[in-house]
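Here are the chains, one letter per residue:
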Amino acid sequence: MMRFAFLFFCSFVLTVSALGLEPPETTWRLESDVYLSGKDGGRLSTTALFRPPELFAYQELRLRIEGKASKRVGYHIEPRFRLDVAPADTFSWVLDQGYAYANLTPTTTLFVGKQRIRWGTGLTWTPTDRLQSAPDPLDPTRYLEGIEALRLEQSWPIFSASFVVSPQSGLGAQPSARQLRFGARLYKLIGTADVYLGATHQSRDETSIGFAWSWDVGPGVFYGEAVGLRDRAGEALRFHFTDEETDIWKGRGVVGFSRQFRWNLGGSIEVFGDEWGLEDELFRRFRERLDRDLRVVKGELPGDIVAAALDYNELLSKATPVLGLRRFYGAVSVNYLWANRLQCDAVTIVVLEDGTAYFYPRLSYVAIENLDIMLGALLVAANDTGEGVILPVHRTLEFRFVVHF
Amino acid sequence: MRTVFSSLIILFLVHANLAVGAKDPVAQSLLERMDNALFPQTYEMTMSMITHKPGLDDLNYLYEIVGQGEDRSLMTVTEPARERGKKILLSGENLWLYVPDVSRPIRLTRKQSFMGTTFSNEDVMNSTMADDYDAEIQSREMRGHEVYFRAILTAKRPDVAYARLEVGLDSTSCIPDTIVYYGLSGKALKRLTLSELRELAGRMRPAHMKMEDFIQEGAYTEVEILRLKERGELPESLFDPTQLGK
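Protein chains in written order, with the numbering used here: chain A, -15 to 389; chain B, 53 to 298.
Chain B with its partners taken away, still in its complex shape (with noise of 0.2 Å):
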């Protein structure tokens, strides 16, 4: 009942703000409360990262990921052997890889492939939407007792790295089921689906990604999170490039 009426109350102010067309709050108060359902303030968690692009063997990846506050997480490749050790750092908009035999942070730029899967750097440091996107509401329907939601998120700045976003979620979770990235000219370059929704660090979180790149047709990257633990505070030296080495 509860869930209901909170959905009426949603609906209410989308019509109220769709009928004034200004920016619209409670899509960005949507988009606020996405930007918090994926992952724990402070977490440490297991994930399988695997590519596939046509033509092309696998790629197969294990990383032990450190995450905390919305853009900063340091991961380490655990499998496959030849790139064990391996680490990158992602830290704002910074990103390093360190390599145990090079044994110093090497910068990276936002712009390239993340490990040679569908997902750039940039999707994969951009964890906060709010902060890049102003959303508006596209349209909305009932599921259940559920609102589902499709609003557009258009970039508040030109460096953002995609135009337009397209987010299809539901009110009561906030956790996105897809999101399609568009580039400048209006052509779709990606598409995320979320789903396997688990009890993951306490709630009710996606626990499979699949990011399928428009781009190269049959190309995309499956991410599964296999363990995903909410953590105390964590030390500011995790973070530092010149401390990885440890």
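So that you can see chain A by itself, here it is in the shape it has in the complex (with noise of 0.2 Å):
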């Protein structure tokens, strides 16, 4: 692997200087990372079957390199390495993305390569989002791997529109199970308002079509997304405990308001709702299951250990927003900054129905011009039938300095 890294820049700078083309600006930034996890005693047991380990340490070096090969065509890189120290000792790299584009015409705009295609106007929740991997709502600046597309966005003076196909996989699904994505999404401007449309397709996996606003009210910013999803694969987590039928249309939807208080104070309130979700009885359920398969890994119970714990990775990797296991999940958000150098961020996740609490607040510190010191931490509070209650861990507190360049 590290191999590998060493031959594609080796292979990118000869390029560059073979081509006498403009050397790219490049913005380095090195980040070490250091977080304890933990869990409260006395709550579920079956938590135990994704208890991670207690102490997670790393760095990771971003590099994002942006150039010029002529007026029309561009390229952007974004390698990512990491050196995990605890609880393995591992080096891994990952190309968050690294595409280029052509100005075909001076309103339209081809990208081919490794992307990032975010969509959709929510804060902490973006349900018109199906082509990218869903960012972590406590967290949603944290960097996401991008994915392999050809784009062409297209800018009429009425509205523009983005083509995209992708031989991505589906969320969660195999790398053998590869097939073609295809999105859609028209734009347009209203006054102070963003309208988006929006439709993706994946022929055996889902469809969504959707639509979102975001629209300057004077205040703040009022915003929202619909989005109807159908789900042809049927592996959605509800149909492991029911009947129903699968290959069916459910919505998902998010609404919120955004206010900046002062120059230095704003916040967001946010309400998201999923068809998806499970109703109180089908969460039982999933407790009941989730409780029995941990027997059964125990050997209190007999039945298949490999498959008990496989099952529930691969059904949590399905979810999205924290678990992603509800219906109902309100966001707030506050952000204040202080003498310019210490940034105050917290956020806050409630299940509407049982009250689980999910809590990340984080101060980071801009010690001198180029280096910040970050103090986080994740809170949960959940009462014993909550969807907090299967949280492999209930108190995070992490560390961190980032070093900009």
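Just so you know, the hints here were simulated from the structure itself, not pulled from any lab data.
Be careful, since some hints might not be right.
Covered stretches of chain B (chain A as the covering partner; in silico rule of three or more C-beta atoms under 8 Å from a C-beta of chain A) [claimed, not checked]:
| no. | region |
| --- | --- |
| 1 | 108 to 114 |
| 2 | 122 to 134 |
| 3 | 137 to 147 |
| 4 | 164 to 174 |
| 5 | 289 to 296 |
Every residue gets a Cβ at the ideal spot worked out from N, C-alpha and C, and that includes glycine.
The two chains are supplied separately, each in an independent frame; assemble them into the complex guided by the hints.
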């Protein structure tokens, strides 16, 4: 892997030099991160199935290289190198983005390669964003790996259009199950409102049709999204606990309002609804099955131990909002900048049906011009029947140094 | 001689308009010329912005900007490194922020402060005063061979950022040297001072601006235009919020 990364960069530098191209603008970001995770005692024992090691430590270097090969052609490369120190000593790298673009006409741009294609207007949840893997709702600014795609952007005075073809597999799909995924989106600016209409299609997996808006109403921005999803594969979590027919349409949506109260104080409030989530009865069945499978793993009940464990990893990998098990969530976020040095952010997500609350406060201190020191915590409050009780961790304390250059 | 002659004609016209007390076409014409005097029709520029607020560390930003017409510009942060790659797109009454890690445009409101400076987003967006304000000459005086005007600008509509502006400018260059911004209560909120006339993009333009905030005593933002170049036609896609990722 290391050799591949080295070859990749040598090739890039040689190509830029050989073609006599203008040197690209490069931004480096070196991040050292340590976090401790733990769980309250006395909670549902099933979570032991997913219990992670308690200490993680890694260093991550991210580069963003942007340049132009000519007036009309440009490129963007964003590799990320990671050295894990704990629990295991491993090196890995991922190419978050690596694409070239060409301005075919003054109004048409073609993008080819691995790229982030983020749709939607929600700040915590973006249900219309069906091409890209979903960001962590507690920290949506964390890096996302792009998808391989061919994208055509067309800007007309009346509206803009985006067309995407991607060979990327769907969320949770095996690489062997790769298939073409198509997306199209129209964008129209109406007064001070952005209006989007979009659709995605993957023949064996899912089809989605949705719309989104983001409207500057003066005191703040009112935004929302709604999407209809057709799950052909019948892999949604709910199908494991109900006899209802698969290959059906169900909706998912979000509505929110963001406001900047002062130059250094802002916030947002958002409500998310998901027909694909589990109602109280289905969630009870889910927990019962989880508990039973754990007893299989522990040897207290007969059964296939490997199947029991793998089954849940697969199921939970498909969930999107936090664990994404329930139907209604609310989120409140606040950000405050003190003395131009200390950035305070706090996100709270509440499962409206059972009261589980996820609280993610974070302090970022600008120590010197290019160095940030960050302290964050994830706290989960849940009762014995809530979504939070099955989380692998209930408390995480994170300490991070970030150097920008 | 030609300048003196022009100034006398303007003085005469101003007197005529003040006498009848009607909407002031000379002042309005000066306002339109002022709008066109600061930047070319299409341009690219490098601009530094330093914000000082008492008790706080200074905020230093360096921007690369491309602009078209009176109300479209794309600003890309190049310094500091932690903010590099952020883009701010202004188009009419709309404003978006693009953060590379988020990879999609986030809409901002017009009312909020521009990147923590003493400018509001509306100050930055509203480059055409003639569309939003009715102008009236308040006073004039001869400064050398030029007539120096003080004009009062009154908002045409209630949704305009400031109820009233007081502008000082000379009739030849039509470049203002001060603009004082007033709120609905009649209280002065901010003062913009323009100075250091230099040849930029083929004509004399102010290279330095200072926006003082009267509400937060001692707070100000200084803008330095380091480079300004006239551009040919800019592609439409440059000002499309869905294409900020390139």
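Each hint tested on the structure:
1. 108 to 114: holds (count 4)
2. 122 to 134: Coverage by chain A holds here, the residue count being 4 at a Cβ distance below 8 Å.
3. 137 to 147: holds (count 5)
4. 164 to 174: holds (count 3)
5. 289 to 296: holds (count 5)
The structure meets every hint from the earlier list without exception.
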